[in-house]
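Please assemble the complex out of the two chains, which come individually in their own frames, going by the hints.
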Amino acid sequence: MSGSGTPASGVITSSADRMVGMEHAEVRYFTSYDHHGIHEEMLKDDVRTRSYRDSIYQNRHIFKDKVVLDVGCGTGILSMFAARAGAKHVIGVDMSSIIEKAKEIVAVNGLSDKITLLQGKMEEVHLPFPKVDIIISEWMGYFLLYESMLDTVLYARDTYLSQGGLIFPDKATMYVAAIEDGEYKDDKIGFWDNVYGFDYSPMKDIALTEPLVDTVEMKALVTDPCPIITFDLNTVTAADLAFRVPYNLTAKRSDFIHALIAWFDIEFSACHKPIYFSTGPHAKYTHWKQTVFYLPDVLTIEENEGVSGWLENRPNDKNKRDLDINLTYKFEVDDPTRRVDGGNCSYRM
Amino acid sequence: MASQSQNTQRLPEDAHADSRSVSDESDSSNEEGWEDLEADDESQPVVDLFSDQVFPDVRSLLKECKEKHQFDLLKIQKDLDLDFLDTIKLVNYVRSEVKSGNKIPDVSSKSKFADDVYMKPVLEDDALLYSLDDITEEQGEEAAPGSEAERRVQELQEDLERLQTQFSEYRLAVQQSMEDQLTKEDDKLDASAPSGSSNGATKAQEIDEDYFASYAYNGIHESMLKDAIRTDAYRDFVYENKNLFKDKVVLDVGCGTGILSMFCAKAGAKKVISVDNSNIIDRAKEIVFDNEFGDVITLVRGKIEEVTLPVDKVDIIISEWMGYALLFEAMFDSVIYARDRYLAPDGLMVPSHATLRIAPYADPDFIDSHINFWQNVYGFKMNSMLLKIYDEAVVRGISSSTLAADSTIFLPLPLHTITVDELSFLKEFQVTLNQDIDALDGWAIWFDMFFMPSRDSPIPENAVPSDMQKKGYVAFTTGPDGTETHWQQTVALIDHGKHKPKPLKKGQVITGKIGYQKRDTEGSRGLRIGIQWQGGENTKGEQKWGLQ
Chain A
1 MSGSGTPASG
11 VITSSADRMV
21 GMEHAEVRYF
31 TSYDHHGIHE
41 EMLKDDVRTR
51 SYRDSIYQNR
61 HIFKDKVVLD
71 VGCGTGILSM
81 FAARAGAKHV
91 IGVDMSSIIE
101 KAKEIVAVNG
111 LSDKITLLQG
121 KMEEVHLPFP
131 KVDIIISEWM
141 GYFLLYESML
151 DTVLYARDTY
161 LSQGGLIFPD
171 KATMYVAAIE
181 DGEYKDDKIG
191 FWDNVYGFDY
201 SPMKDIALTE
211 PLVDTVEMKA
221 LVTDPCPIIT
231 FDLNTVTAAD
241 LAFRVPYNLT
251 AKRSDFIHAL
261 IAWFDIEFSA
271 CHKPIYFSTG
281 PHAKYTHWKQ
291 TVFYLPDVLT
301 IEENEGVSGW
311 LENRPNDKNK
321 RDLDINLTYK
331 FEVDDPTRRV
341 DGGNCSYRM
Chain B
350 MASQSQNTQR
360 LPEDAHADSR
370 SVSDESDSSN
380 EEGWEDLEAD
390 DESQPVVDLF
400 SDQVFPDVRS
410 LLKECKEKHQ
420 FDLLKIQKDL
430 DLDFLDTIKL
440 VNYVRSEVKS
450 GNKIPDVSSK
460 SKFADDVYMK
470 PVLEDDALLY
480 SLDDITEEQG
490 EEAAPGSEAE
500 RRVQELQEDL
510 ERLQTQFSEY
520 RLAVQQSMED
530 QLTKEDDKLD
540 ASAPSGSSNG
550 ATKAQEIDED
560 YFASYAYNGI
570 HESMLKDAIR
580 TDAYRDFVYE
590 NKNLFKDKVV
600 LDVGCGTGIL
610 SMFCAKAGAK
620 KVISVDNSNI
630 IDRAKEIVFD
640 NEFGDVITLV
650 RGKIEEVTLP
660 VDKVDIIISE
670 WMGYALLFEA
680 MFDSVIYARD
690 RYLAPDGLMV
700 PSHATLRIAP
710 YADPDFIDSH
720 INFWQNVYGF
730 KMNSMLLKIY
740 DEAVVRGISS
750 STLAADSTIF
760 LPLPLHTITV
770 DELSFLKEFQ
780 VTLNQDIDAL
790 DGWAIWFDMF
800 FMPSRDSPIP
810 ENAVPSDMQK
820 KGYVAFTTGP
830 DGTETHWQQT
840 VALIDHGKHK
850 PKPLKKGQVI
860 TGKIGYQKRD
870 TEGSRGLRIG
880 IQWQGGENTK
890 GEQKWGLQ
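One line per chain: the protein sequences are A and B, in this order. Take the first sequence: its letter number 289 is residue 289 in our numbering, and every next letter is one higher. Take the second sequence: its letter number 270 is residue 619 in our numbering, and every next letter is one higher.
Isolated chain B (complex conformation) (with noise of 0.2 Å):
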């Protein structure tokens, strides 16, 4: 798997989690955050309702939206009988419904916004929602006639101290849902990739690198290490094409603990540059000089697309990146950039291809034991727990007696010539069902990988890995009909929804479309994968899968 670190998810929001903050990072002075924003908060720039606009304080917000819109929030708030909770439902309300073109949002009653997804914040840090309890106050002070001081101060005080809880709540809320976030960003992390400290590390940084330095680090490179389909794939094409390593510059993009570097180097390498941007690096460049590469091999940290090496140009690039479903880390993006920057013009990649695969999936006792399963357990229904299995692609080890056809290349990829570009597609398949089948479960996702000794050589249309050694070269499936690999396969599961799936003939033809789309939400390395398919009157559907 892709062991370079190109993590870059772990973004401001992610500290704010740890550090019970929900300033910016300008606030950093401040670790406690929370505390002084209530005491500044009046000098807090604040964004309109209505626009972008920012106002320097929230009383010339609300001036504005009750002059310009006829948005007299306090009002509101009073005429509905709106507590603090309320209020801040009712502001994300407007603010979500703004953002989504209704301009004029309708709040002539509390129901309009009293679903709790109003709870969570619209615009991150909206200093709105943090001056809410002042404004309350001058509101009630304002309205406190003379003769009452006494009794309205006391009610003011417990106001104030109802409002403090319920601010608190709504601090945890909110804490809570950046915590849900983070957790959600902990379960993408590529565990071999803690983020290099960009500027300035954080606390959540720091606990998360000495998390993974401290242990997840062992066992992904270990299970890597142990892929003897992977490893020894590489080993075999340097070893077996010494003659053409011997005396070259090679460069390793995402070179983990450095085993590809040293079988380079052991071949005869003048030269080997391996770049990561993970604290495997440290451990890295110490088993580098146990076996002795020192001089050969030059370790370097960071981005390939940031760090500065010391060649222009090398003839070699060797790198392990593929991801589940090939693409999934988008990794290969960093080492086209690397190819394009810096291999020679006759250079060479290792490996040299690539093909993308997919096949009709059916495999009744994996429905039945993962999907039927919530139908009833211990007595209770729990099919609400299925609405999201069908969102994201499941990856596993099948067995290929659950493909009910033949696999089909749906992408064939040139690695010495494919763009980046091209990684994002839509492309036509055709299978033909060899067996009946009670239902279509899925699709099966896998892909096979090419070692060719030079950049001429092209790979067959329909190259099996297995036809390619008979034939002396280097090549290896993650397939079913492989030895297992650490990528196993990636299954699409349909969802039939309330239609009792249709049982298809041996013969049937299906036909469809596959596109892979990159899901780049603020550097998140996602894949969105959407399948299109017809097959008589029987089978036709569409649906698309996330890979997280």
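Bound conformation, chain A alone (with noise of 0.2 Å):
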């Protein structure tokens, strides 16, 4: 299931295809060989790993003699990456025990001499440098901050990164849009109103709480996309990764609003010429697809006429992995069988 990294061609493709839209702890439970799979999809992900790779190769002036620290080094790659590009040394540091793999495969690769591996914490572990250049980290997950590692990759900053150090990538922007995905929202959805001929609403409430991660077509699209945040690595905060922002849709055509969904794009400003990698659903294949919020409602809107709102994200209180997403929508027209005032609704993933 990892591996078929093809791009969809619907709103959703085949089973396999939705198993690998499925939350980890499924995708897990669904793949024996997960420990693999994560990282085999992950390297294969090449818009991801390209994008990386040019933007330390295509910038040998500034890793060479450096410093350089992988926050969340998982095989390495970008590790070696930093090395190949004449860093002066590279620290790779990651809490899972990939890291046994990743020592192997630096000595393989004739690095062990360049690249120091440490397994743990970043918070606790010792560096063998007090001050690091440059930091590379892959720290992006569904909905740019699920499971993400960006706090961490703000902990290593403020401890290590020296006065005028760079991070790669710096700056990550979240968008949303809204989009017509009448026939997926009636199978997950709809759905439970009648399976095999009996009411399962119970499981119906659950289910619209859960955003979906998965590949969105172009076409399903109704409105352009709103920018709603921002982060630039250098100076934000891990306060500020709890967010509570506006959007602005504007519909495109006249059609059918069943949810709204989100995407990140990020760029390598440090770089010499800019390099930038989008997630969106306009854009090449990633694994992190796009996340879609289903609402409770369906929006019948015309060409141009908007829909606006606040999207807010902050991590659950009781369980930091998961993010409490909270969307309110306004459809503000005059047509009162159309209009929709106070929508909102809860997510959790």
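No lab work stands behind these hints, which were simulated from the structure alone. Hints are all accurate, no fakes.
Partial pick of chain B residues on the chain A-facing surface, computed with a CB cut under 10 Å: (1) Leu574; (2) Lys575; (3) Phe612; (4) Lys615; (5) Lys634; (6) Asp639; (7) Ser718; (8) Val726; (9) Tyr727; (10) Gly728; (11) Met734; (12) Leu736.
Label pairs and their in silico Cβ distance ranges: (13) Lys131/A / Gly728/B: 27 to 33 Å; (14) Val466/B / Asp158/A: 30 to 36 Å; (15) Glu655/B / Lys219/A: 53 to 59 Å; (16) Val656/B / Asp54/A: 55 to 61 Å.
By construction, the Cβ of each residue, glycine as well, lies at the ideal position given by its N, Cα and C atoms.
Put into structure tokens, the structure is as follows:
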């Protein structure tokens, strides 16, 4: 199922693809070779890996003789990019036991003297250098922040990054847009109304609160995208990761709106020539796909009409790895049969 | 998939990882665990390095070791100039050597126990490890000559600080390894099965229950209900055989959302008792109520082995217990328990038969994209990622074109009579290649299910679901020939090692043996599959795979 990384042709394609869209715990449950699967999926995410490679290899003048810290190094690929680009030394830190594999990989590639790999929490490991010149990290999760390592990167920045040091990547912007997704919403949410002739509505309420990580087709977009927040990693603080921001969406055509979707763009602005990649529906497939939030209402919207509201995100109090997301939406038109005033839905991922 | 919660693996170790405590359950009054341990560890009983004997404190242990085993920890520590972490490794090294039978471990040099593997405690909650800083400190005090008292005090304070740092590093390492363990356990976690609180739900349990209650939940049940091959088969059997269910008492083992129970109720069952040990049963109760089956269906939360049912015997047991490769998750043990305990002598098992099948697998494209991939990843060699890929069987949907021979049944399971002992087995099989292949890449395993309407109706020896369907019986396959189910197929990849695999010709007969063994570690429900095979001169091998 990982490795089936082909762009989906519909909003959802096959059952295999649907599994890729499942929550982490389920993917684990469904794939026995998960440890491989996850790393294989990430490495095979060409948009992701190539962007990092290019931003490092095209900037050898920046990396030459620098001390580099790779936060959440995984199999060590970014550390090796940095070492090959001429870094004086690279420190890779990861909590996972994958670091044992990374050590072997680094050794096989003859880079052991250039790369030090440490297993542990960033907050607790002892680095061989008091300060680093560059931080590289692939910290992004679904919906940018789900199970993300951004707070760890920020800790590393505050603790180890020297004055004037660089972060790769250093900018992340989140977007929302509205989509027509009747068929799949029906399959996903409406399904519970009639399961083999039985009323399963108790499951429906839960289903609505689950954002869905999935591939959305460009043509499903009813509105233009709206950027909602940009994180500049040079200045952002952990507190900023809980936020409440407004959005405004204008319909490009008359259609129905079943869901809002969110995605993010990543920028390596410290590069000689900035490098970007997007995880949006208009861009090439990435393993982050998009995140779909089904609305309790169906909005009947006409061209140039607008939907607006607020998106609030914060880590769950009880379980920090979860996100509590709240969406409000207002659809202010004169037609009382179509108008929605106080739309509100809470999600957890 | 098995939806009854049987998950007993939320053991105290897991709780420790989350509550950051290394003491055992008796320490539950102390949330912070660590701080307190340092204060009262002198009175902590400690297990001998060379036997199972328990000493009231570390000092008497060290004395014993010195006198009886000529093992003077403090002297070795001094002679080899061991720092705190070295000493930890020394202790674990000695313990692991003794455990493996070497009563006189070689401690002549530091290199003997330099390996990081000795960071991992051999004993859980090894009080000796947590007392090391104290004994080192005492050692220092004893050695300090009076005249230099002040300087020594200062040195000792520095030492203490250093030790405290090292201790917290070690604490992290331990915690880390526990967290890794926890992650592994999580991986195995049947997502439908947060463990019911056994004795005193821990914080970690609560978090996990909450976690699954919030979402992983729906997904798993959705994918099961939407697995139409599975759900249709149960529905068809129940609805097409309403006469069997009319006025009967039915037990649904692992009822999940209650769908099978409702099929039975709708088919006229007098009473349905539905048991599940997962939180999902709360949803099932709502669903059953909403569908107005409240007076027919009784939902009972708990393990079938532990709950008290309102009846002594039932006429029918219905259960969807099948796991990957049929027996992964081992929920079938519970169904057998229920059968032997509750099913009336002439009672019916639904489904009634299962067969396990195997076929040789040859899939150069898969090998290329998942195995050869690691040989060059953006210009780097990552072969070491392959080391474990052959240890675990892979669950995936494969095309029937990747099967190099017709499949063969290696275990028929008559569900009315099979015993738990028969679920661990070694069986012979034979297949004949129906095409030339460049390499035997592995073995594909799957199962077929049959729903016979009476406990006296057998299935033919080589029963094929599609044939049975034509005869009017309900049956389904999870093989690559049928519509894909959520069980997909289980693929065991062959590790050819350094040898280039040899091509095989059409008509080649391969004989072999396949064994299933339950992997019973601490209530985990893993499965170990072993296969031996031989086909002419070119092909011979033996390998074991886990499934978790």
